[in-house]
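Generate coordinates for the entire structure from the input sequences, incorporating the hints supplied.
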Amino acid sequence: MPKKWSAEDNVTEVAEDVFFIEGPAVNWTILKRGNEFTLIDTGYPGTGHCSNRA
4 MPKKWSAEDN VTEVAEDVFF IEGPAVNWTI LKRGNEFTLI DTGYPGTGHC
54 SNRA
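Taking our numbering, the leading residue of the sequence shown gets 4, the next gets one more, and so forth.
It should be emphasised that the hints constitute simulated quantities derived from the structure, not laboratory data.
C-beta: ideal position from N, C-alpha, C; glycine also.
The hints are all genuine.
Pair by pair, the computed Cβ-Cβ distance ranges are:
#1 MET4 x GLY37: 32 to 42 Å
#2 ARG36 x PRO5: 34 to 44 Å
#3 GLY37 x LYS6: 28 to 38 Å
Below, the structure written as structure tokens:
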């Protein structure tokens with residue numbers, strides 16, 4: 004049985020306070036500034052409305 008995916012096992016800090024998360028189907032970048040975080044996900048073509056709604 005394949006191991007269950009976990010973000011904890013798939014996070015790489017690529018620069019100070021810049022994190023890359025490799026997901027099973029998509030990838031994300033997270034920027035940390037103090038106590039604030041910005042999620043960068045370019046998504047799939049035509050799905051931008053889903054990110055905006057979230």
